[in-house]
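J.: Can you make the complete structure from the sequences, with help from the hints?
Going down the list, the sequences are from chains A and B.
Be aware that the first sequence starts at 610, since it is given in the working numbering, and climbs by one per residue.
Be aware that the second sequence starts at 610, since it is given in the working numbering, and climbs by one per residue.
Since the list gives no way to pick one copy over another, a pair counts as held whenever it fits inside one copy or between any two copies.
Below, computed lysine to aspartate or glutamate pairings styled on EDC-like, alpha-carbon distance capped at 20 Å:
{"id": "1", "residue 1": "726", "residue 2": "659"}
{"id": "2", "residue 1": "757", "residue 2": "659"}
{"id": "3", "residue 1": "658", "residue 2": "636"}
{"id": "4", "residue 1": "687", "residue 2": "659"}
{"id": "5", "residue 1": "687", "residue 2": "644"}
{"id": "6", "residue 1": "703", "residue 2": "743"}
It should be emphasised that the hints constitute simulated quantities derived from the structure, not laboratory data.
Computed from a predicted structure; not experimentally measured.
There are 2 protein chains.
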Amino acid sequence: MQAPTYFWEDIDPGFEIETAHHKATTEEIIEFAQEFDPQPFHLDAEAAKDSLLGGLCASGWHICSLSMRLVYDALISKCAAQGSPGIEEVRWRKPLFVEDTVRVKVSVLEKRSSASKPGIGLIRWQWEMLNQNDETISLLTCWIMMSKRPQQMDATSEETA
Amino acid sequence: MQAPTYFWEDIDPGFEIETAHHKATTEEIIEFAQEFDPQPFHLDAEAAKDSLLGGLCASGWHICSLSMRLVYDALISKCAAQGSPGIEEVRWRKPLFVEDTVRVKVSVLEKRSSASKPGIGLIRWQWEMLNQNDETISLLTCWIMMSKRPQQMDATSEETA
Chain A
610 MQAPTYFWED IDPGFEIETA HHKATTEEII EFAQEFDPQP FHLDAEAAKD
660 SLLGGLCASG WHICSLSMRL VYDALISKCA AQGSPGIEEV RWRKPLFVED
710 TVRVKVSVLE KRSSASKPGI GLIRWQWEML NQNDETISLL TCWIMMSKRP
760 QQMDATSEET A
Chain B
610 MQAPTYFWED IDPGFEIETA HHKATTEEII EFAQEFDPQP FHLDAEAAKD
660 SLLGGLCASG WHICSLSMRL VYDALISKCA AQGSPGIEEV RWRKPLFVED
710 TVRVKVSVLE KRSSASKPGI GLIRWQWEML NQNDETISLL TCWIMMSKRP
760 QQMDATSEET A
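T.: Right, dumping it as structure tokens:
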């Protein structure tokens, strides 16, 4: 396994990154919905027109899972990530429609050491999914656990090992 | 489309239901992880042993998506559901390991009319995923939007139309 680029010490509040862009297809929206969320507005374009959402669009859980993959590829894959205790909040602001091209803007909000797990720190961040018109699709706030650097340097140093 | 059994008027705080049981396979855990969350502890049993999670286990987003499907089959499929504005909180308490058999306990906490959308009400509920040992895997709190009954009866009546 490749050594991580980022340990807990290396990511501070104010850190921002944008992921790659992803164009959502009808096929992937329907495939996810068939497995996990088969409500008519995620499966059937005609039924979706008559719904509050106004057109065929991705399940909210698909939006979250797709955000995860985009943030994984852009950042988490390079981090000493150790899972998450949970999600603080998700707001679904606008539907993710077929053919929308989306990306996620990641903003680090806060960090702290784990009180119970030695060698682990937590980072609180916001993931904002935006569409091709820079409209907010979803706003998600959660914590991630990350390993601290194995040979801990002076805790006040900002140097990378 | 079948007429819904439950409109917003029909589900009150205190309403509880348990979903069917589902046994999680290695294949489905890895398949979800490959698409949305390819962290080593969701893909590789050996790597997972050395992680904080302690063994191959489902992505937190898979836990949420699976909860959605179980609650859909048990209840949402019978409701006049109109989507959700978001998630209030998710706590991932214990990993969902391969071969675990899980179910979701749904508890309605609160309800209110929509201030902006005529004919729509909101319901706040908790979804608790439990494993075969009755241990809590996840606790999820969210709101769902539901249509009110088309020919509104006296608002104080608890009768079903």
